[in-house]
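K.L.:
Residue numbers (my numbering), protein chains in the order written: chain L, 1 to 470; chain F, 1001 to 1470; chain R, 2001 to 2470; chain X, 3001 to 3470.
In case anyone wonders, no lab produced these hints; they're calculated from the structure.
Hints are supplied without guarantee of correctness; some may be wrong.
Under 8 Å between C-beta atoms, here's a sample of chain X residues computed to sit facing chain R [what the hints assert, rightly or not]:
| hint | residue |
| --- | --- |
| 1 | Glu3111 |
| 2 | Ala3130 |
| 3 | Ser3431 |
| 4 | His3437 |
Ideal Cβ placement from N, Cα and C applies to all residues, glycine included.
Number of protein chains: 4
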Amino acid sequence: MPATMPGVAGRTWLDHVGHIAERGREILSRSGQGRRLQSVEALCRRLLSQRGEASSIALASDLVAVIHRMDGGETAGFLGMLATGFSPDPQRLTAAIERWQREPDRDSLQELITTVEPPRQELFRRLNSAPGGTRAIVDLRAALLDLLPSRPELEAVDADLRHLLSSWFNRGFLHLEQISWQTSAAILERLIEYEAVHEIRGWDDLRRRLGSDRRCFAFFHPALPDEPLIFVEVGLTRGLATAIAPLIDPTREEADPADADTAIFFSISNTQRGLRGVSFGNFLIKQVVTELTLQLPNLRRFATLSPLPRLAATLARRGDPDGFTAGRLSALLEPDATALLRLTGEEEVVPALATLLAQPRPYPPEVDRALERLALAYLVCVRRGERTRDPVAHFHLSNGARLERINPGGDVSPGGAESCGVMVNYLYEPSQLEINHERYVESGEVVTARHLAARARRVEAIWKRGDATS
Amino acid sequence: MPATMPGVAGRTWLDHVGHIAERGREILSRSGQGRRLQSVEALCRRLLSQRGEASSIALASDLVAVIHRMDGGETAGFLGMLATGFSPDPQRLTAAIERWQREPDRDSLQELITTVEPPRQELFRRLNSAPGGTRAIVDLRAALLDLLPSRPELEAVDADLRHLLSSWFNRGFLHLEQISWQTSAAILERLIEYEAVHEIRGWDDLRRRLGSDRRCFAFFHPALPDEPLIFVEVGLTRGLATAIAPLIDPTREEADPADADTAIFFSISNTQRGLRGVSFGNFLIKQVVTELTLQLPNLRRFATLSPLPRLAATLARRGDPDGFTAGRLSALLEPDATALLRLTGEEEVVPALATLLAQPRPYPPEVDRALERLALAYLVCVRRGERTRDPVAHFHLSNGARLERINPGGDVSPGGAESCGVMVNYLYEPSQLEINHERYVESGEVVTARHLAARARRVEAIWKRGDATS
Amino acid sequence: MPATMPGVAGRTWLDHVGHIAERGREILSRSGQGRRLQSVEALCRRLLSQRGEASSIALASDLVAVIHRMDGGETAGFLGMLATGFSPDPQRLTAAIERWQREPDRDSLQELITTVEPPRQELFRRLNSAPGGTRAIVDLRAALLDLLPSRPELEAVDADLRHLLSSWFNRGFLHLEQISWQTSAAILERLIEYEAVHEIRGWDDLRRRLGSDRRCFAFFHPALPDEPLIFVEVGLTRGLATAIAPLIDPTREEADPADADTAIFFSISNTQRGLRGVSFGNFLIKQVVTELTLQLPNLRRFATLSPLPRLAATLARRGDPDGFTAGRLSALLEPDATALLRLTGEEEVVPALATLLAQPRPYPPEVDRALERLALAYLVCVRRGERTRDPVAHFHLSNGARLERINPGGDVSPGGAESCGVMVNYLYEPSQLEINHERYVESGEVVTARHLAARARRVEAIWKRGDATS
Amino acid sequence: MPATMPGVAGRTWLDHVGHIAERGREILSRSGQGRRLQSVEALCRRLLSQRGEASSIALASDLVAVIHRMDGGETAGFLGMLATGFSPDPQRLTAAIERWQREPDRDSLQELITTVEPPRQELFRRLNSAPGGTRAIVDLRAALLDLLPSRPELEAVDADLRHLLSSWFNRGFLHLEQISWQTSAAILERLIEYEAVHEIRGWDDLRRRLGSDRRCFAFFHPALPDEPLIFVEVGLTRGLATAIAPLIDPTREEADPADADTAIFFSISNTQRGLRGVSFGNFLIKQVVTELTLQLPNLRRFATLSPLPRLAATLARRGDPDGFTAGRLSALLEPDATALLRLTGEEEVVPALATLLAQPRPYPPEVDRALERLALAYLVCVRRGERTRDPVAHFHLSNGARLERINPGGDVSPGGAESCGVMVNYLYEPSQLEINHERYVESGEVVTARHLAARARRVEAIWKRGDATS
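With the sequences and hints as input, model every part of the structure.
P.N.:
Take a look at the structure:
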């Protein structure tokens, strides 16, 4: 956990951390297996009993050290202890409730508010005061999220952590930084580690990803100075990029950014599993658009190149709640039916499509045409409540972007298989973001580029009919 | 509210702020006097209804702008609205309580926790996401603290603000910076403005306060980059400084810091009224001691030169709850009684002392000797519960400092009158801080330098006897 | 001479400087008055004899310290010693010349080059290696420039210093920094001290000069990190500012910089007397124009508001080499002659003008009209060789600016008297700079705004006639 | 040549450089092969004719661009042109000489000084004013050094370049920076590229070289902000490290730097071939010692672990001017003669040694003992004039270090073969540096650790006898 000490400029606290790790080891090993948890609990209770003095930092630092040294089992035990031992005291809560029921005034309400707050919240706040405390808390939550499916009693602890982390990682405390080859190696190695969408293959590949016709931006939090919390990679291109391969081609020539008219956001990665549900992405893209506009006044267009990560699974699972019934599928494939049957020798379009998608790329133009139509239906018609089912589409549409273009064959790499190779451009038109956002949020409308609008209506009509007949 | 935009390096958002102020004016003036508050409330409700999208930042920015433009009456109205309109909903709270009483499980507890939290907390959190949000919240609290004595119904809002500000201004998010003549004027002018203990008389005086034999350190928070939240001024001296005048003498010669063996903390100022009760001072001194040790390995001693801000009032109010009864006072003055009577012609020591203290300095040595004894009694015997009544003494003693020396005549300026001119050195001995702290916190013991110990015991004995006889 | 040590981030060398001063004092006081210079000379010779080892830095530091401590007489003595004792050795030079005359090949030329270089150049280079060395050299030159008029034998030393300083302070080693209220007080106090054109009256005035509708930029050199070598103050205005008073009015309201369409360069100050003749100003304005264009895309016009610092003296000295003969003056005043005579009761225009200019402002419109014409003649017709005689005009014209507007009454302050209150706008039109520069440098043509062109031609015609008749 | 523009904070001039490259291409391609040089010469002459105006920067930038685009042949042609076309004008030089001979006063001397300076010096100074100018000049010199052996007429150009670069890269303009994993990748990749002593094998190896028990420092020049000019790698160890392998072992465990008592300088690399002869190394080690003392007060000892890069060649070349005659060699090997003969079956020690050294390591103890004695003789007795012949030893001894320990088998890697596997510790004892330096520089004395002193005297005695008998 090397980091800059929150202190006078530039002094690192590496040695301090070494020392912390040492103390953590000591505390954990003070006693036999069975008694460790007890001593950690005692440390937590002592920390909670402090009244704001400087010594509380020392105790909090000890707790950071202890958490840092815990193995998986110890962490699980610790979280369990927080769930049971640091919840609101039922007796005091009962008393506070009764007082409020008797006399529902300001004082009794305040007491109720105070009593119902789980003491572990204050414990986390004090832990957060020590060097490395924020890191420890984020890591604890990451561990908790792994345990949660099998340990539902930890949900209350998760609620507290999420509550606090949302407050601490609010947009106002984050700052945007441009990442480039001038950035510190300590930060750059995180990009290689965390890039979730299109893998970065080592330092040489990274250098190309940060070439003169690329831009990268990240949000940072002052308590985690070496951690890009989320980062976006941008390609500067002439015209709209419709396929991913040329953007990440390791042998490409760098272009002159002054010639670019378009910025393509081709990868957004969250890095901190422990911050799941604490969203930054919405703010990131908008701010990067503003920043790029200042840096490169020639840019005319800001768009993503995004996958459809569940398209293949959805098509394979027709008939399921997503609504891709065989009837709808047949109707959607109708325009290319003859070709699909001819190409496969099948007698029905649905199995014909399956056969064709199982073959290696490139597909004949009729298949790509059919895929584009299916992707459009998937984006426009497959819903979860008021929102589009596809998570990536939902993210961009609720940001106010519009559906700009569907590119079958946009990602022919193995990673593209789950999108059936289809990639989508969502367009961020600064002046339209607010309106588009309102339309999507209020009526669930998927705003599309003009050239897609008529087709979207046709697809919707087919979908509704399928609804009627299914 | 000029500040650096939490964004890409160096771009200020002055213009942005101009724009914000403009929007605030628009919103406030949209409607006639009577309807303003309604439109602000509507803005708050809209902000609360957002689901994490980027547009919430725009709404929060509008609210920042509005708060920025409010006059005193509008601010009071706004705070009142928060107190009444953004409290927990009584019906939902009743329902949540009943559910929990029926079925006290995790889910019902979680619902109770969620329901009892005043919605204004979430409102503040969202406000905090916008540029300038933290500033606005701190300023709101400052306004609230002014209103509180006459508007007790705002206490609930204060509780929420204090709760959130304690969480956001935790030690882990602060960083220590050295302040020097190399520091930006925007920060330095704050020192002139905020210095609370020994006034800084303009820029020339400030330059001397930051001379080569002076050090100044402050805590900063990333969301208020130009605001030193608390700062301490340090003089580097040979030997223990026992009077303030030479330290702040505008005509003094600067000494070579390499010759200094002692660091004197002679002024600590909190700058943000809105952060009252969110303490930093405890951490500040300890960290500055560490920092100075690294910078100047020749330093052997770290001590304060502090006032006794209520001594004069306490002595004037003998017989009051502080316990300076006439009997005790007489007993304490006994060793110098003859001299005091002779000097004044009075017949009793208590009025003699009063007469003498009313005269201009310098005092005869007997008066100073008597004052030293009274100050010792005041520090060691006048209590509020387990702690020393003097707030400055309590601050340093609970930090683990010890009472090192009492200096009658340490501050002969008009500002020193409330301390009867007495100043005190508290010594920060790094290796003893934890032990001293424990002794003070657990038994209320005032740890003193060896040469004061016997006198402290004698004074305590006199005090106890006074107790018995009064 | 406190400064940041050119070393690891942030550590100041204040103490080091204290130490240096101490050593300087020691060395200077080692011997009686008469022998001091000898010991300094010995130090110089030892420094010159070093062969690049680290110890040469120690010697150079000693010499820095010595120079730092010298009083005026000692400095003069030291410079004299450099002039006589550290010149090329005549015997070695004679030998080198004879060798070259005998055998004019590469080797003999190289030896000649080496031999003819005054050893003090190498001495200065070595001095420059020590912390504070550059500062010492610049200060030495400032002292030398003061002595030069009475000590012509120092010219050779000046030639060496100018040669070296031009090389060290080349544009490639300078960096432009924006100066604002966020800048360090150590730098800002230099602005107050050095502002040469329109005095800054303390810190409050400075704060206004750096308000939101003002910009300030300076060049810095890495070896003098706290010294703005030259700085320019810019006002952001709507329309062309034609008078100085509103720009520096301490009571003015700050305007929104986003509303500005014009940047007015109203003050350029060189700060280092020791760098006289090492010019930066030409580069400064061009780079600031570029910088402002990026910051504020709304700016459409970049212009100066400049004095005519010798106009009054020139008019008073008619008949002198500047060419303002009585005949020309009369001819130029002709269009307003009737009014001038009427206003004064004089019988001839030349004394009438003198009378009027001796009166307090404001002048009647006819006087202002006449002044504008005289200023135009002064700028266009009064020459020194191929160039305009007015130094400010020459500076901007040779930069490629054009004469845009003449404003009688532009500076009614006492400081404006030497310009007869006239101020001039020179326009920097980025796309025209190169062409204008060529025209001015090659043919001496003063490029003017279109509306001034015909009048300039008329004035030139009058001037030429005067030439013929004088 | 991507770099930070010497301008307002943080804006890179990548695009600008793209533009420059483009202009360079244009200028170079304006004309056919044969005429290119002419157009470059014309550009140089135009640049020289400028009188300090801003436009000279544009011309200088064009020249930077041209140099940037030159291929090897063009560069050679360009340098040749500088050698012939930009030398002092013989006629003007003759006239200046004659004037000085006639009238050897200040003015004539000044004219001689001015006339004899080759005009290319001023050309280089102007080139240096443009962005990228310094880089271009350093690169030109690197190219020149490659050509020099076959093109001796370029020596005059080299003299000028060395002269100017020494002036520009003087110690006072350099700053020391610590290099760590927090440093920018753009700088770190230079370490991988330039490490000259013990190869760094990619980024993972580099990360270990910058681990918590390693330190790295470099000198930077403001005009080459991404270029570490020279860097030193330091290992923090307990006790004196006597072998290189453990220090650069990729599998080693990182130690706690607080436990270290010794700093081992195990690699110093100059990175800029174009700066050959402009030395920084002397200053670097001393400043790093100071810096480490501040960072890690536990360090007690500062030493190098250095190769003997010519030992193998010297031993192989016995009888040569280095003085390792067969007689001396035999005498030095005498103490181990029996063992050497036994181990090899040879009849004489000299061929026995050769045989043994040709075998793979490890050597029997007798061979190592013999090697240590030979290395001692090599360091103490083999001279070039007053100095030790070994360049590494000379570097450290003239810095004031002392010969501390000779470690046969210190480097058993293939790279160690030229040192016969021997490594040497030179000790930097801060308080002794000046004295040692004086002793070495004035009398050529190799100061050794006490335990080596007697052996050094014995070896010298043998050597002198060899002298007598050879």
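K.L.:
Next, verify each hint and record whether it holds.
P.N.:
Hints, one by one, checked against the model:
At a threshold of 8 Å, the smallest CB-CB gap from Glu3111 of chain X to chain R is about 11 Å, leaving the interface hint violated. Of the supplied interface hints, the one on Ala3130 of chain X holds, with its beta-carbon coming within about 6 Å of a beta-carbon of chain R, less than 8 Å. With a cut of 8 Å, the hint placing Ser3431 of chain X at the interface with chain R is violated, because the nearest CB-to-CB distance is about 14 Å. At a threshold of 8 Å, the smallest CB-CB gap from His3437 of chain X to chain R is about 5 Å, leaving the interface hint in force.
Comparing the model with each earlier hint shows violations of hints 1, 3; every other hint is respected.
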